[in-house]
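*Asks:* Order-wise, the sequence lines are chains A and B. Sequence positions in the first sequence follow my numbering and run 1 to 340. Sequence positions in the second sequence follow my numbering and run 1 to 464.
Hint data in this document are derived by calculation from the structure and do not stem from the laboratory. Misleading hints may appear alongside valid ones.
[Claimed, not checked] Capping the alpha-carbon separation at 25 Å, the derived lysine-lysine pairs in BS3-like fashion look like this:
1) B:K327 / A:K297
2) B:K63 / B:K241
3) B:K354 / B:K340
4) A:K196 / B:K51
5) B:K341 / B:K51
6) B:K450 / B:K51
7) B:K63 / B:K450
8) B:K354 / B:K341
9) B:K327 / B:K340
10) B:K241 / B:K51
11) A:K121 / B:K327
12) A:K297 / B:K340
[Stated by the list, open to error] Estimated spans, in silico, between C-beta atoms of each pair:
13) B:G298 / A:Y105: 14 to 22 Å
14) B:G312 / A:Y105: 38 to 46 Å
15) B:K354 / A:K327: 32 to 40 Å
16) A:S331 / B:Q422: 38 to 46 Å
17) B:L32 / A:F49: 35 to 43 Å
18) A:F49 / B:M190: 55 to 63 Å
19) B:A114 / A:Q222: 48 to 56 Å
20) B:F263 / A:E128: 33 to 41 Å
21) B:Q422 / A:L324: 41 to 49 Å
22) B:M190 / A:N272: 40 to 48 Å
23) B:G252 / A:S83: 37 to 45 Å
From a predicted model like this one, the values you see are computed outputs, not experimental measurements. A virtual CB, placed ideally from N, CA and C, is assigned to each residue, including glycine.
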Amino acid sequence: MMSMKFIERSSQVMAYVLLTVCACITLVPFIWLGFAALRNPEVYFDFQFIPRVRHVQMMEAPENPELRKVWAQVLPSEGMEISAATELVGADVVNQARNEHLIEYRNGKVAWDMMSLQYFKRLLAGNEFPFARSFLNSVFYASVTAVFATLFCAMGGYALAKFEFKCRTLFTRIVLMALVIPGSLLLAPGYQLLFKLGLLDSYWGLILPGLAPAFGVFLFRQSMLNAVPTELMESARIDGCGEIRLFFEMILPMVRPMLGAFLLITFLGCWNNFIGPQIVLQTPSKFPLAVAIAQLKGIYSTEYGLLMAGTILSIAPVMALFLLLQKEFISGLTSGAVKG
Amino acid sequence: MNFRLVFLIMLPHSLSPGSFTILTLAVISSFLIFLRHDPEEEGIEFWMFAKNHYVMYEEEFEKARDPQVNGDLIAYGAMERRLLSGVLSDTPVPDLVEVQLTMASRFFSGPIDAVGFTDLRPLLEAEGLDKRINPASFSPWTREGRIFGLPHDMHPVMLGYRADIVEAAGIDVNDIETWEDFVRILTPLMRDFDGDGTMDRYLLDLWETDYFGIEMLLLQAGGWYFDITGAPAMNSDINIKVLATMVHWTTGPSRIGVNVPRFDAEGNRMRLEGGVIFQFMPDWYAGVMQQDVPGLAGKMKMMPLPAWEPGGRRTSCTGGTMLSIPKRAAHPEAAWEFAKKLYLGTEVAEKLYKEAMIVSPVIDNWDEDFYDEPIAYYSGQPVGRFYLDLANDIPQRVPSAFMVMAQQAMINAFIRTRREAQQAGVHEVEDILSLARAELDTAQTLIENKMRRNTFLNPMEDQP
């Protein structure tokens, strides 16, 4: 009995250790992103993560005896900070010695003065980058699309699950077939259609195509089939409940976890959507954050620090929202996973 | 109970706190967007893909009145798709658009009359502008005698080098006239610091996958993917010799080239750490280096490219941008007037040089003093003047819709030839020539077949 308990506990510990390691690995790119947004431009490519104070140290077997003599006089055995070495012998001699590999730089303690918030300040100042405007565009585009898409998908799913009408099976099959068409295939005809409708370069051109995704309609259909008893609907109708009231007062509360989960999925999807807004929108003042930040990457040159800071600013709000709502997101996804 | 009341009463019951948060965001943001006034844009619509161009033109956009000019900065890929849609399927097009060389080639695939840009030759000739601009700069935008864009640049090429390393070794680059001198004099600078048998410092940023370097060397030697008529010339004698030399420089004991990617953190780190001493440096890249690798300030210098033969051409060119007026532009006359003002004036030329180190193709601007100013990053050299001194030697390029395909075929030929040379253990140019010829013959056949299958250029009835 004891040994069973021990095995159980050990495997639990093992699982936690493994998960912790995996979580740390997952965090590495985010940590890298954070430091990349903070490093000053002059040391940007010198360090992978945290900039460190550099020490100059003598190498073995130098080729140039003259320079070696100079450095032997100057350098203490434990090395010295590069700024002190530069002050003593001048930047040119330091550079030459390093090029000749007479000396080597060694990293010391963290160099806080090589990190700053300059990129964030530049982005938020609004002169170089319209952060506030792009942020508002992103919130508008993501939230409005998410709300309407959830409502319409719930309505569509409800109709397919609970109403008997002609061609219901055909419509369900069409929804299923639409699921297998890759979104990128629809870009060109979608663009042409939006042009014909006069919706290019408008918010509606972005929002309308995402209002009733096949995935959402099918998800809600399945959810309604499992969660909404037909007898309950019939009782409500007998008691005089109208169809609209029935939908909002009874059906939606019954699929509440799914509503939350789908709303969040759609919100995240729209927030991170890049290709759609990039193609549909033409006026920079309408760009959401994802597209506006992509403009920071020039074809001929890129200020990486600015780009990284922009990336952090763009993912921070949505990450905060996800962390706040993760419980209901998970409960939405797992609802119906266990049949009662 | 009416519907609205039901909705409002039931909302908190139907929605979780998270859903309610998103709904609240939707309502507030809709309200703010509704209140925000985005003024209707009237006047000339101007699309561009390069942020530094946009920044330089902003002042001109603000000054422009009657009609006003609306500059839109659009990401490269998005602009290419929108512009192709515009000229092929009548979706909106701008009045003016800056088109990069690779992007432009895609617009030249159909019959000459179907190219979506206005032929500017009559306008240029009528106003004598064709004589005011460096002739080589027109070449990438000229097809069958028609000129589809006003050149933005010339992009002469020099070699940028680590002066701190070269001068510390007591080498004077003025002693280098040809590529042969280059290899002979400078090879001792290569280093294997850790003694592992692999060099840690190479002479030149040249690699089999870097079409920039390949094209610059081809053009400098007088080669190119297409001949003057636009027919493929992948296996010309010059191309074969250049390819064999490049393979010689990137393989075996004679290797001097290394892969140092541009616009890339890893490449910039190698530059900073002295992993490469000499780099091909078109004028625009001289500007990029200052921004991307500030740590090399005061350590870099420029020199003309070594010639292939004594007395030969000491420069090349790469890339380029044109300013075009789509045929369906709403305001073509006003667009032409603004294009001239923007591209031919001294003000933008000065900004273009000071901000991006790009020298103007307009001959009248070449005497301006700002090109003589010393550039601290390049050890005080007047880099602009150096570039302009080479302007008359810039090679001409023949445009083609098949350019991207030819670039890829050349890279493939380079990779295969290099691999075959390694397998056969041959490293001398003379020994590699036959391998290079075989690979370029294959590339030639491939491009010929692709061009033959173009139903726009060769009607179906003429197809074999």
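*Asks:* Now look at each hint and say whether the structure bears it out.
*Replies:* Going through the hints against the structure:
With a C-alpha separation of about 30 Å, the suggested pairing of B:K327 with A:K297 is violated against the 25 Å cut-off. The suggested pairing of B:K63 with B:K241 is violated, with an alpha-carbon distance near 52 Å, which exceeds 25 Å. The hinted pair formed by B:K354 and B:K340 meets the criterion: a straight-line CA distance of about 20 Å does not exceed 25 Å. Annotation: proposed proximity of A:K196 to B:K51 is violated, straight-line Cα distance about 30 Å (limit 25 Å).
For the given pair, B:K341 sits about 20 Å from B:K51 by alpha-carbon distance, which is consistent with the 25 Å threshold. Under the criterion of a C-alpha separation no larger than 25 Å, the hint pairing B:K450 with B:K51 is inconsistent with the structure, at around 35 Å. Of the supplied pair hints, the one linking B:K63 and B:K450 is violated, its CA atoms being roughly 47 Å apart against a limit of 25 Å. For the suggested pair B:K354 and B:K341, the alpha carbons sit about 19 Å apart, so the restraint of at most 25 Å is met.
Note on B:K327 and B:K340: the hinted pairing holds, with a Cα-Cα distance of about 17 Å set against a maximum of 25 Å. At most 25 Å may separate the alpha-carbon atoms for a hinted pair to count; B:K241 and B:K51 exceed this at roughly 38 Å. Taken as a hint, the A:K121 and B:K327 pair is broken in the structure, with Cα atoms around 43 Å apart against an allowance of 25 Å. For the proposed pair A:K297 and B:K340, the alpha carbon gap of about 28 Å is over 25 Å, so the pair is violated.
Hint check: B:G298 to A:Y105, Cβ distance near 18 Å, so the stated range 14 to 22 Å holds. A hinted range of 38 to 46 Å for the beta carbons of B:G312 and A:Y105 is consistent with their spacing of about 42 Å. With their beta carbons about 56 Å apart, B:K354 and A:K327 fall outside the hinted range of 32 to 40 Å. For the pair A:S331 and B:Q422, the supplied restraint of 38 to 46 Å is violated, since their beta-carbon distance comes to about 60 Å.
At about 39 Å, the beta-carbon gap between B:L32 and A:F49 stays in the expected band of 35 to 43 Å. The hint said 55 to 63 Å for the Cβ distance between A:F49 and B:M190, and at roughly 31 Å that hint is violated. At roughly 50 Å, the beta-carbon separation of B:A114 and A:Q222 lies within the given 48 to 56 Å, and the hint holds. At roughly 20 Å, the beta-carbon separation of B:F263 and A:E128 lies outside the given 33 to 41 Å, and the hint is violated.
With their beta carbons about 58 Å apart, B:Q422 and A:L324 fall outside the hinted range of 41 to 49 Å. Distance hint for B:M190 and A:N272: a CB-CB separation of about 46 Å, consistent with the stated range 40 to 48 Å. Distance hint for B:G252 and A:S83: a CB-CB separation of about 43 Å, consistent with the stated range 37 to 45 Å.
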